[in-house]
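Number of protein chains: 4
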Amino acid sequence: MQTVMLEMAIDTSVDSLGPCRVPSPYRYQRFTADSERVLYDGDAGRVSERLRAALPVTSFEAAGPRADIFFDPANTKAAIVNCGGLCPGLNDVVRAIVNGLYFTYGVKRVKGVRYGYAGLNPALGLAMQELTPEAVKDIHQDGGSFLGSSRGPQPVPVMVDTLDREDIRILFCIGGDGTLHGAEEIHQEIKKRGLRISVVGVPKTIDNDILLCARTFGFDTAVGEAVESLRCAHAEATGTMNGVGLVKLMGRESGFVAAHAALAEGDANFVLVPEVPFALEGPRGLLQVLETRVRNRGHALIVVAEGAGQSLFPDSGRDASGNKKLGDIGVLLRDRIGAHFKARGLEGSVKYIDPSYIIRSVPANPNDGVFCQFLGQQAVHAGMAGKTGLLISSWANTFVHVPITSAIQRRKHLNPDGDLWRAVLESTGQPEHMLETP
Amino acid sequence: MQTVMLEMAIDTSVDSLGPCRVPSPYRYQRFTADSERVLYDGDAGRVSERLRAALPVTSFEAAGPRADIFFDPANTKAAIVNCGGLCPGLNDVVRAIVNGLYFTYGVKRVKGVRYGYAGLNPALGLAMQELTPEAVKDIHQDGGSFLGSSRGPQPVPVMVDTLDREDIRILFCIGGDGTLHGAEEIHQEIKKRGLRISVVGVPKTIDNDILLCARTFGFDTAVGEAVESLRCAHAEATGTMNGVGLVKLMGRESGFVAAHAALAEGDANFVLVPEVPFALEGPRGLLQVLETRVRNRGHALIVVAEGAGQSLFPDSGRDASGNKKLGDIGVLLRDRIGAHFKARGLEGSVKYIDPSYIIRSVPANPNDGVFCQFLGQQAVHAGMAGKTGLLISSWANTFVHVPITSAIQRRKHLNPDGDLWRAVLESTGQPEHMLETP
Amino acid sequence: MQTVMLEMAIDTSVDSLGPCRVPSPYRYQRFTADSERVLYDGDAGRVSERLRAALPVTSFEAAGPRADIFFDPANTKAAIVNCGGLCPGLNDVVRAIVNGLYFTYGVKRVKGVRYGYAGLNPALGLAMQELTPEAVKDIHQDGGSFLGSSRGPQPVPVMVDTLDREDIRILFCIGGDGTLHGAEEIHQEIKKRGLRISVVGVPKTIDNDILLCARTFGFDTAVGEAVESLRCAHAEATGTMNGVGLVKLMGRESGFVAAHAALAEGDANFVLVPEVPFALEGPRGLLQVLETRVRNRGHALIVVAEGAGQSLFPDSGRDASGNKKLGDIGVLLRDRIGAHFKARGLEGSVKYIDPSYIIRSVPANPNDGVFCQFLGQQAVHAGMAGKTGLLISSWANTFVHVPITSAIQRRKHLNPDGDLWRAVLESTGQPEHMLETP
Amino acid sequence: MQTVMLEMAIDTSVDSLGPCRVPSPYRYQRFTADSERVLYDGDAGRVSERLRAALPVTSFEAAGPRADIFFDPANTKAAIVNCGGLCPGLNDVVRAIVNGLYFTYGVKRVKGVRYGYAGLNPALGLAMQELTPEAVKDIHQDGGSFLGSSRGPQPVPVMVDTLDREDIRILFCIGGDGTLHGAEEIHQEIKKRGLRISVVGVPKTIDNDILLCARTFGFDTAVGEAVESLRCAHAEATGTMNGVGLVKLMGRESGFVAAHAALAEGDANFVLVPEVPFALEGPRGLLQVLETRVRNRGHALIVVAEGAGQSLFPDSGRDASGNKKLGDIGVLLRDRIGAHFKARGLEGSVKYIDPSYIIRSVPANPNDGVFCQFLGQQAVHAGMAGKTGLLISSWANTFVHVPITSAIQRRKHLNPDGDLWRAVLESTGQPEHMLETP
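Chains as they are written, first to last, in this note's numbering: chain A, 177 to 614; chain B, 177 to 614; chain C, 177 to 614; chain D, 177 to 614.
All the given hints hold, so there is nothing to weed out.
Remember, identical chains collapse to one label, so a pair may be satisfied in a single copy or spanning two.
Only pairs whose alpha carbons sit at most 30 Å apart, straight line, appear in this in silico DSS-like list of lysine-lysine:
no.	residue 1	residue 2
1	Lys588	Lys500
2	Lys500	Lys518
3	Lys313	Lys284
4	Lys588	Lys501
5	Lys313	Lys287
These aren't lab readings, by the way, just hints derived from the structure by calculation.
Since we're looking at a predicted model, the values are computed, not measured.
Between the sequences and the hints, there should be enough to build the whole structure, so can you do that?
Have a look at this one:
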């Protein structure tokens, strides 16, 4: 077994600022040892086969309060920053971090960085904001971002200057792929300078597509909101002759939101995701299959992830966060379906709904609320123990430390051969392949 | 007083098929006499002044069950049609009519016309559907339209042929301005042919802009849903530097939805409605006022009715329902604000939400549910009594019969000098006039 | 007509502190004159008959901003108190009053009285709280009471001493029957002492049973919440053999909540209200009728207002607010139905839901939110104009001033011969009379 | 490794009716082999330690479609039964099973057993009901139980007679501990008789306390609903002087609902669960700690699981399902707190909410909806493959087959030394021990 545990396919060793010599003030004496590790559950938790075949399996350091910590709470000042687009639960994580620092460790100086990394660049004149349990008491009941957010990078040396000058000892970075790349660069710069500042990431992606993270906060809330839009689109489709409801959901590189929402709502006839290519034209293409469906049943419901069908567009460069600019597949489908119906003499209409801003700006639902609270608490435990360059991840009801570098190698994708996609195909009844040539 | 009551500014006399000679089977012997009349409450219920000045006031025939009815329930067959766009409560009204016919009067033959007036044109091959209490038991819990709807007219003689051939004695028409025009034409054609078919309208407009109707069903639900979008837009606006949330709501000729939603949500800084013109440019135009607000406060929330600011567009003709095609004020504002901020070197962003399809396709809320039940019951009472060419209206907790011709003369508008708009101005703090020249 | 207007059945003349000599700073110059009056719409808005018969009709002074006001804003200090049980919208009214005083009139000193009239009794040591627009910005999103509430009276001279000592010029009293009696006593004591303090009431009753008030805030929200409980009880009833769902709703002396909720939900088979007596036993009593229903259909849903069936209990005295202590009709019905079924060998079960605390503590829905905003604004206009001893009421889309003494004579009741109860009987199909002897 | 996998602490081998010789008609050729196994993730997924120490770990057979199946779809008839109390998602599971049988395997004869095991006892005269995709199309949108449910056992031989006579080949049993015990007895009787009938369980417990099941359906929905009650109780507590909100939630033997709801809502000061004993009296008992909290902060919120504090009651026997009858801890706390406050001269009030019927009868939320769909599909795959005497369980994003006997040995409990309880203690700030003697 020992061998199995050491032969890792990816780097799972977490960086730290040094040995922990301060006894933890943690009230409930249930500590987690650095040696506790959690098997990585892979795509579907089926590590057993690897174990039986004596193949290496991956495990990560368990998150949790350490008996000894690195930072003396009395002398510690922490800061929290969140970047990128809105995501349900942002405020919950901020609140959980503030409460954890205050009540669990007695760290009384916590700063909120305004508007993402921009708030770490003095040139933009955004003063940090004092965060206390009183100040954050009710923020989890609000959607949006209490701290404010922004997209795009800021000069790393400038940001580290700010942290150093402000005497920040732990920086909590809540954000997605771009943010985590930034956090890693900040971590490297800190290391280079020999500063004793811990950088702890909390992964944020409403698409749920960060590698090595079975789940990210806000996803469950987003799916719940998306279901409402699907219901409305279904009502629109059935309320008119040959009506087509079309809903574009988030999912730049992965179709998790679209797949889950379609499964939950139960009326979708087509789910289009980035991981599964499809053609519009041809006898097996979407337009023909859709036309047949509508002629037979009088209506149809299509759910499309924003990153689906991008081969139908020319390359459009990248946005401020460094993400590939996407063609608007919702508008394209709306227009192409309308034109196709017209050409075929099928009187019908497409009702197109793009609910993105509505989905991402609502408060976290209770499930995400609990999850965010755990994420925040574990982030605090990691930071106080001097862990750095890591993010808090979760699977199988437990929380782990994952090196940021390991998580940002590439995105997580929906597996077209896995249980989730299979369930979608069963639920929709859509053809497995909608391509010009079989 | 008698004089006062007779000197009416508008026609309030309701047409009927003939004297009522069949005793009503109505179980609760609380009948309404044709002579009962209800004062019209005008814009704000202030008829007192007219009374004091001995000026004529308007009253309408009270709705309610009559002691004697025109149609013998055993030999009566009724049909229900709904037309135009979706509106919360459509199914509730259908259900209430079916239940009222069955349980109150014992009329067991009720037909549902599929897809609006199209279902009365045999050329389209849409068979009517049997409606029973069992079939409609749960439809009020669904949004959309159980019967299906469509826009646009069908040939009136053809529709009346269908009614005659199918032996329909009461036609319930649920719909807006276009539908009611159609219902009036059907009524006139029936009269011309000397048929004994009653035509009873139930006014439907999510905009709440039908004349002589203090309230229309679905409006309250729509406002409630719109509030959710405003909350999201506010979260988007505050979650980013210099963020502007922009929500386009329904309201082709009137700003009732926009005004109520803004009042209920409480964060809007600008409400733009068709009844109050505004300029974009100039020192007192929207763009400059908005820029100032955003520079001072960091964010702003704009609510715009779809029919506002139409003078900014060229004339675009009319759609299938005969409604004026509107320029897309939401997209125009989004683009113009973005360009203005860019030109002024103000780094910010506009988050634009167009929730129309989401708002109109949800189930009716409890308040609208109760209202729809009353509308349906009163429509049944009117139809069974042989009243025709009328619609069911409501004000001051009572229901009345209004001749369709009187209600479709023109649309109802929000009064820029009334209580509602005053409350909006107080709540938003927006300037009373945003025009190029004062 | 003049004669008609003067011959009033009840006192409609509003007291005031004196002539208004301060020009209003109101920004939108749309003032309401004291001479504007609004006809009282009675039970069903059918004043026409009275007019025709030359009988006296009642009208009230229209609410709204006056061109001249009594208090100089710069020297005015106001206080707000809310008493009695929780009611959705309490916080909305407080917020609207604060904003109206600040932004419309420039009154910057507004105090919140803590925990009802208790906060006006220095013996209890409850300091008043500073209210600013910033402090009340988001309180309308929360249920409960921001100020805190309490039941029961405090010594009137002590309370007036407090108002005088604190230099309060306008006291806004939000509350129900007991609170309004208290407000009237305060008003009389102020008058007796010759103080210049205005007392303005905002009627609060979730039961919607205050005389001369067509609608009170929170009622619509309460009905919406009650509908959820009815849905659950219906699910419980149908999910088991011979299941009876039983829901007790608020309504001490009136069945408005029960009637509306039953109409909105649509599954209730029995609605029991204080205004309509019923027997349990006997061939026409509830138990037998219910048993028959359950044997035929397998389940039943009963909605009972808390004040219904009180003749089944001995007299139990009065509570702290002076209200009659009610027997628990929900528990009685649950037990009696269970015993009856057992005695008759009918295997079934009663699922009893008492959702009162859940219903009354939620935030106001958008409809109530708008209504509260108007109430608050009109209360401010009345107070600034020196009106006193009045409450703000509303009907037919307008707002009026009603002398408190007129409103607290007795409670408003549901009319068993009116449209609402008729609709309930039609919707439930319950017998009109469930009495031991016909 | 092989050794590790075989040395199991509990029985993990699933019974089956015989070898699978019918090729599966499954359309998407992604089959799961019987040899695929999933490691059991234990309390917190930390199997790594056992692996490192070469200790035995537990794994279960992976659920999923098999390449060969046992039953020929053309000749297969299946039945579905659900028993016990209502639980969100009951209808979703039924729907998923029906759809899976029809669309995935072409099994067209599916029967619904009415009112639990009672429907398998002909003496009660409850005919089975035909289940088709059309019949179950929308049932997932309703709470309650479409099939009806009941508590308590029926004679096992009689039930097996019914299955045999009706030619049922697969029986799907949805239910909790009692139901699963019944399913196991049915399975043993079938085995004894040598019948070829598969028995597949879907575990149902809103308490989430079935052993070897990381999650059961309805739990997430229940937590979400419970949060609403906590919000209301908090509003009640803060809205009055020295107010105590008290909410009793489900959890007969485990505190999962109470713990999650308290974490999600964020205002609870005390969470009382069956797994953690507490005293009422004494200087460290609940009453004194609560009094101190209320005196300091003016209000408090208590969440209590129904099975907590049972040592405060005498033993009361067992109910129809064989469950221990519980003392009503909610009522006891309400009364004892009230008496304690009175005795201490603390004027305050306890607002007690028991929302159980409201929580369990709502429709499943989207998260549970997706989960139920997977459960139903996997149950169908297991049944068609002739697996029997098993239930479908899930952890770590995958689904497994667990022998019923292994799951019903005892209940799953919240670990007072685990992450969940630790998070609760941190969130509430309540003392770790509230006992008479430390």
